[in-house]
Each structure stands twice: as C-alpha cells, then as structure tokens.
Amino acid sequence: MKAKTPPWGPATLSEFDGVRYLHLDSIWVQGAMRIRKPDQLELEYIQHMCAWMLWRDPATLSEGHAVQLGLGAAALTRFCHGQLKMQTTAVEINPEVIAACRQWFRLPADDARFKVVNEDAARWVNDGSNLQTADVLNVDLYDHEAASPVLDDEAFYAACRGVLAEGGLMTVNLFGRSASFARSAQRIARVFGSSQVWSLAPTKEGNTVVVAARGVQVPHREVLEQRAATIESRFKLPARKWLHLVRPLPTSILQAL
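For the record, in the sequence shown the residue sitting at position 35 is 35 according to UniProt numbering, with numbers rising by one throughout.
Hints are computed from structural coordinates only; laboratory data are not their basis.
Distance windows between CB atoms, simulated:
hint : residue 1 : residue 2 : range
1    : D57       : G82       : 18 to 24 Å
2    : R190      : E166      : 16 to 22 Å
3    : G193      : E63       : 22 to 28 Å
4    : Q226      : R36       : 30 to 36 Å
Straight line, CA to CA, 27 Å or less: simulated BS3-like cross-link-like pairs of lysine-lysine:
hint : residue 1 : residue 2
5    : K37       : K204
6    : K115      : K37
7    : K236      : K85
8    : K241      : K204
9    : K241      : K37
10   : K241      : K85
11   : K204      : K236
12   : K236      : K115
13   : K85       : K37
14   : K115      : K85
15   : K236      : K37
On a predicted model such as this, the values are computed, not experimentally measured, just so you know. The beta carbon of each residue, even a glycine, is placed where N, CA and C say it ideally should be.
Let's have the full structure, built from the sequences with the hints guiding it.
This is how it looks when you write it as structure tokens:
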C-alpha cells in the first residue's frame, strides 16, 4: 500500500540581507530569524503576537506556562523560553519544521522548562489533561499555501479557551489570501465574549493579531502606558506603539454576534 502523503510541504530555507526565512515548499514565509541577532523578533506580526504582555503585570511576566500552537521559525518559542523565562510548550504537527528549527533556528533542546510536542494542535487543545494549563496561548496555524488558518471554527476557539487558566491570554494571527477577519473575529468573540477580545491594526503585510482573554480586567490607560514603557525597556519591543494599534472589535462585527 502506498504511504499517504502528509498534508504539508517540506520545510525549506532562504536567506536575504542577514535574515533566514522558513518556508513550507512555497514562497510564503512561515517565520524568520536575523542570523546575528537570533533573540530579536524580526517580523512585525510576531511582535504583535506579544501584545498580551500589556494585560499582565510586568512583575509576573516570567510566571506561568506559555504555549505556541504552530512553531514557525520558533521566534515566539525562543522569546517565551529564553527571554521571558516561562515554562514553554510548542505544539507542531510537521516533524520537518521541528527538525529545521533545531538545526537552523536556534530551537533549544527539551528540558525541565521546555518541550516541543509533535502533535496536531486540535488534538492537543481537546486533550483533557491540558485543560486550564496555559497562561499564554499563541495561535499561528497555516499550511504551505497560507490561504487561511488551518483551524478557525468556534469549536477550536472554545477548546483554546478551555486550555487557558483563569486570567489567561490568547493571541491569534489572522492572515491569509482566503481568510476573513470579520468571520474569524466573530467566532472568537462568541467564545470569549466581546468585552474580552481586541485586535491590533493590520501590519503592512496584512497580518491582523487578535487578543482574547479569559476573565481579565482591562487596566486603566495610565497603567497600560507604564507597562508599555517597562516592556520597551526590558525587551526592546515597541509596546507603546501597540497601545495606539489596539482597539475593540469593530461595531459591525459586534452587531453580527
């Protein structure tokens, strides 16, 4: 019997102007790393995926468990594990991506504070042993065609909410040639509640990041500004810019709920 072909393409690399890119057998970029500055978050949308930090007390940023659904070039995984010093788990279905990240993108070896799970993200979030185990959940799930998110229905987002501990935060990258931001945002808002969902203005490449929370109280503006300044000082991320980009979901989306 002929072996079944996996639904993903092989992991391939390219380099340009000091940046190494990960692809899945296509022109679409799945992740990037500046070779001489591997700890720097190179892509703007990856920086936006860290906007959850604004909703957390800076004194607690290293506490808790961070999970990435979709490894990409391991930028968020390296950041959460290496710079934030959080307990970190990355869930990635494609073993070639894991191997490429180990060899070319400085992905650390598993240890007491870090592990990579070669598993389907839908199965992982629906596993009862993972209920309320994550304080931060980064969702970035695209195949080699990058047409739309691979997992993007209410059942999936409900399972993501179930994985979050009380006070937990999720960021989702919504991008794709066939994706609908309004449709995806509505699904997330139905699950999390409209008062617990925000979006950042799109990047120039078209990535829109949504932040969703489980039982989080939004701090006053002055507190957010102080946190943004602390994030910029400690981690060299443009957090004050994030404050100008974060907004509630548009009225047109909320009215359709």
